[in-house]
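**Q** Each of the two chains sits in its own frame; use the hints to bring them together as a complex.
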Amino acid sequence: MDIRINQDQFMQSLQVVHRAAASKSSMPVLNGIYLRATAPNLLYLAATDLEIGVSLTMEAEVREEGAIVLPARILTEAVRRLPNAPLDITVDMTNFKAQLTWGARSSFDIHGVEPEQFPTLPEEKEEWGMTMNSDTLKKIIMQVIFATSQSDRRPILAGVLFALEDRILTVAAVDYARLVVRRIKLQGRISGDGQRSVIPARILNEVMRSMGSEDREVEIKLCNSHAFFTMRDLTISARLLEGQFPAYDQFIPAEEKYISHMVINTEEFLQAADRMSLVSTDDDRTVRIQMQDQGVLVSASTPQLGEAREEIAANCTGEAMDLHFNVKYLQEGLRHMEEETVAVNLTGKESAATLTFPDSEDFVYVIMPLRSEGEESAV
Amino acid sequence: MEERTIIHVDMNAFFASVEQQAAPELRNKAVLVSGSTSKRGVVSAASYEARTYGVQSGMPLLSALRLCPHAVVVKANHRLYAQRSREILTILDQFTPLVEPFSIDEAFLDVTGCELLWGSPRNMARLIKERIQAATGLTSSIGIAPNRLLAKMASDMEKPDGLVILTMDDVPTRIWPLRVEDLYGIGQTTAGRLRRIGINTIGALAQAPQSLLVEQLGPGAGRWVELAHGHDDTPVHSGLGPPKSISHEETMTDDIVSLDDIRTVILRLCEKVARRSRQQGMAGRTVELKLRSSTFRTITRSQTMSKPTALTEDLYRLSLVLLEKHWSGYPLRLIGVGLSQLIRQEAERQLQLEPASKRHEKLAKATDVIRDRYGEEALTRARLVPRHRDKE
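Read top to bottom, the protein sequences are chains A and B. The numbering of the first sequence is the numbering used here, which starts it at 1485 and goes up by one. The numbering of the second sequence is the numbering used here, which starts it at -5 and goes up by one.
In isolation and in its complexed conformation, chain B is listed as follows (with noise of 0.2 Å):
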């Protein structure tokens, strides 16, 4: 592959730092945002002044506040985060067509070949930088390398604002003497197990041999030492590629054990996939389920169906049948659904003689209307009516 150009935009501390822009009394503040201020709430992100003292996203809110008791909590606004999140795309199509949201706070750039347009790219990240933070007075960490993988690190290197550019020659100075965790890709279990077998730093993964690493680690591990040698030639895929998966989890307040109650909320999860796929006129065969327990064990199970389908009845009768599979009756925390090996729809776009699940169809179709036109509560299933409202 030729010599590419990456860019990584990774925008700091994203939803404090939209809020505190918001917010100019949050400004210099430890801010905490979270989806839920309630006692089950968690920290979505967390602003650097919050962060010195320990705070961490992920974190249950109630331990961050332990840790930083003078901490202000805000409700996350994800509308006005997705409304920056898209300015700041409008800003990096600027410099590259080849722009890839990673999230809604991270984009990958490739920039090969685009200097005759914007100089170095140490001046083209300048520039990013600086139109960022004049249009939404956020500021940004950049990291430049010849591969997505050194991108992401190098703007892991220096945050907040900050700006690392990375070479392969840099990768035995800079990367290797990083923790194994710290690779990206590598995840706590990963790094928890190449340490019992005596690999803790990157540099070491990188000298391992690789068949001792399949040997002791599964065949997924040969190509940890590729990315400890920094090589990646993933592309940057532009634009916006047909999803992936659709999925909507739900954190229950409490922890719920009775199946009829587990049965309602899988019910509204499936309603809310089967609705988002046919948004985007998508229909996919395979169902996932995820479970995460009060002791915080996940699991996700899946069942692939012969035919794609974007219909929460089909969806709902395969989630029933994984849940009766696979949970033995302990209090769930977590629920999720999913639907992958998405197809676009269009291709069904041919009528079916067939009037066997024609009525869903219908069905469907028709509530999608009244939605559109009158929002997501205008319509919902009995089963999903609140039973006991004076209990609340």
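So that you can see chain A by itself, here it is in the shape it has in the complex (with noise of 0.2 Å):
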């Protein structure tokens, strides 16, 4: 394998594709990024951990074609230090050794591995799936994946639902004490009906991170087993989770369950929250909310920290309650929302709160309350 390619396009490339490789393999083949030369000008490029696979294919002078497997983190290390000129990497296949050489009489030798042991990633295959742009698709998982489960009791809750049905896309998520359940109406292509996976949050973020700041298609496509992202020349693949996702529905208390409303600015609502956080502790997180004539009284204060509180012009509506949340779960709640104005609905003091868009169904955040200090619950 022998081939010229730009210093600087390579990088970035490398950077994508060395987040999906093992970092600590004890197979230093997934500790490697897989590249392949194709006459005359395309370079393709891939890793996997076996969870997900990335890969994308550049343009490159093949002088030679050939493969190679070399070691992700001192390829991409190499390679930032380079200078920002044409690159000659070539191959000696009967050893496995790359020559990277820049300039006139600068070299930098790496060892690699056959190129046969690399897995071969998934096939693609849809079953369902659409394509969004890239911006809408960013938004929704922002706007939902907080409040997948870290802990791993349960693992499909360190996913996020997808479902498809009627051209209308929903993506939830489900931690113990909240769920975040956020639908949108799909303009561009779809395919399929009815069908639902749940994705790992890691993909996700994954998927997030390749997509850069330009606005561009995703094309989404999903079968029984796998996810696969596709972004121009990049391709992300990515085992489903098994297992039977909550039926969340139960946990979003009927209309009538509602006793009292408050209707916020979203921005205010979530620079209060933020301010609150300043005084909590990761032992304590409780933000106390009450609900006044004119608007509500935030408050929180830990004995190490301090005290903060604030009142914020709010259109309270119904009981005047009286309760506390976890100060994290607010501000994740409300970080992604691109409402002007969120309202805040309450079936009690020890029971699920809910946070949606004004007069839409399209968003439904659900959070349970803190037990209140000092209190005995009613019995």
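No lab work stands behind these hints, which were simulated from the structure alone. C-beta atoms are modelled at their ideal positions from N, C-alpha and C, and glycine is treated no differently. Some hints here could point you the wrong way.
Claimed, not checked - A partial selection of chain B residues facing chain A, derived with a Cβ cut-off under 10 Å:
{"id": "1", "residue": "R343"}
{"id": "2", "residue": "Q344"}
{"id": "3", "residue": "L345"}
{"id": "4", "residue": "Q346"}
{"id": "5", "residue": "L347"}
**A** Here it is in structure tokens:
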């Protein structure tokens, strides 16, 4: 194998691909990046830790075809430190040694692994799927992904549910104390109807990072075992989570259960929550929400750090409530809300509350309050 | 570690002395305190007058009465002992904030640096003894030493009403001649094993090569050599730290062998442990089942859950799993249930979406409220209601 490639473009590709490589696998081939050069001008890069696979194609001047697996960390770090100039890579196929040369008299040799050992990435298959622009996808992922569960008690909760029905895509995430559901009417290409899959949060984070800042089309293909996200030359494939995703509908309070509502400016509420979090500790993230005539009194205090309280304007209706939440839950829910105002709907001091877009059913975030301190709950 | 001054206060024949103070007619008499005055009772405490006949605490009541037939048997009044114990701790708290109650009748005090306030340690010890006696009429033995181990051994050296000071220099002369089982932390079993390899005194243990001990007696043996040299840097923990485990046990009036009866006892114990955990705001992950056979063979087996609990149902389920695994059907004399790996339940203030074990939690909370208000007997599980009342 013998190629010439631009250092800067190569670096950009490596940065995307290398994240899929395992870092400490006992199988050296999984710690590597697979490179395959095809004449006249195609370089294919891939890496996988068997959970996630990333592959992409880029242009290169191919003087001799061939393939090699090179350790991801060394390759990426070496290329990062090279000047932005044409870079030659030649591979001695008898001992799988790659030589990087640049400038007149500089070179760098990396020992690789024979390419046949590299696992085949799952073959793309579409039982259902859709195409949407990356900004929309990013937005709806951000609005739910924080509520996936970090604990390993139930692995299925580490994923986001994707379900398609009547051109409406529903994404949902459930933790033990909260649940978020976002619905969106799809405008672009769709295939299939009535299917659902649970995609690991880790993969979706990787997808978001790979999308970059410019808006482009993302093609999502799903089959019973894998999901494929394709953006131009880049494909991310991932094994789906297996298991039963909770029937989340049962946790969303019925309309008649609500006893009070507050409509608040989203940004103001978020900023207040951010300030409250400054006086919270890992052990105590309590924020107190007290409904008043003209607004909401938000307060928090910990003996170690201090106290904060502020009144924010709100349109309150129903029973005046006084209750406690985990401030982090509020921050995370509010941070990616694109609506200007948010409705906070309460069903009781110690029962589910919801945050919704006013007059819309596209978004619902259910959170359980904190048990009120020092008070026996009603029996 | 800097030089410390540790005081160990040990109340003399505590239960029996409290009874003698409460009832003057018992003073100067042989008194045996027992939790149950039935034939299966065990001596919880014996007054010094009874001890001269060879009676020791832990002895079956029947054997004690054989040694000392004229002894007066008194049913234990734990509420009274606990009250006296609290009074004594209040006195100790005046001397230093570092008071660690070690059991109902013992406490460690770290009085390092308190000399400016109270004078020499000996003076402090005298004051402590005087104040305890003035307030409760009880005598105590006090040990003063640079660490807990030696303080504890010192308080043991003069009983009753003793005051002994030990320094590190005293170890070879006053500690080494003692028998190995007198070393605090070495039980009868270990002492037996040590004697089998020719180690009879603490001095011999101190001189023994550590490698030999570890080889013969396991990795824990290294620490015994340290102890035999009088070294111990365990700090005195003040205040009421969170409990490490919560347990209850029951000695049967008659050995039981029926699975059904055993389950009932276990359920009752689980209920008590769970209730007390909730009262203290704790939840634990490890459930321990203790079984003592009629031949006095005792086993303790435990199992750990992924999530802390303070619910009777969880403890009961796991206890039964342990019972099934480790009990082969022999008659049982004692059963105990314990919960450890405790954490504060406040962390669990976050209410959960999951409805799964919610019902049990609500039930537990409801029964706790009723019992707080109307007493422990106000509510019980159907299984715990005696079925054959006429038999009693």
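**Q** Return the status of the interface hint for R343(B): holds when the least beta-carbon distance to chain A is below 10 Å, violated otherwise.
**A** 5 Å, holds
**Q** Take the shortest C-beta to C-beta distance between Q344(B) and chain A; is it under 10 Å?
**A** 5 Å, holds
**Q** Can the hint on Q346(B) be confirmed by a CB-to-CB distance to chain A that is less than 10 Å?
**A** OK, holds: Q346(B) within 10 Å of chain A, min 5 Å.
**Q** Less than 10 Å between beta-carbons is the criterion; does L347(B) satisfy it with respect to chain A?
**A** The hint holds - L347(B) has a Cβ within 10 Å of chain A, the shortest such distance being about 5 Å.
**Q** With chain A as the partner, please determine if L345(B) meets the hint condition of a C-beta pair closer than 10 Å.
**A** For L345(B), the interface hint holds, since the closest Cβ of chain A sits about 4 Å away, which is under 10 Å.
Every hint, counting from the list given before, is met by this structure.
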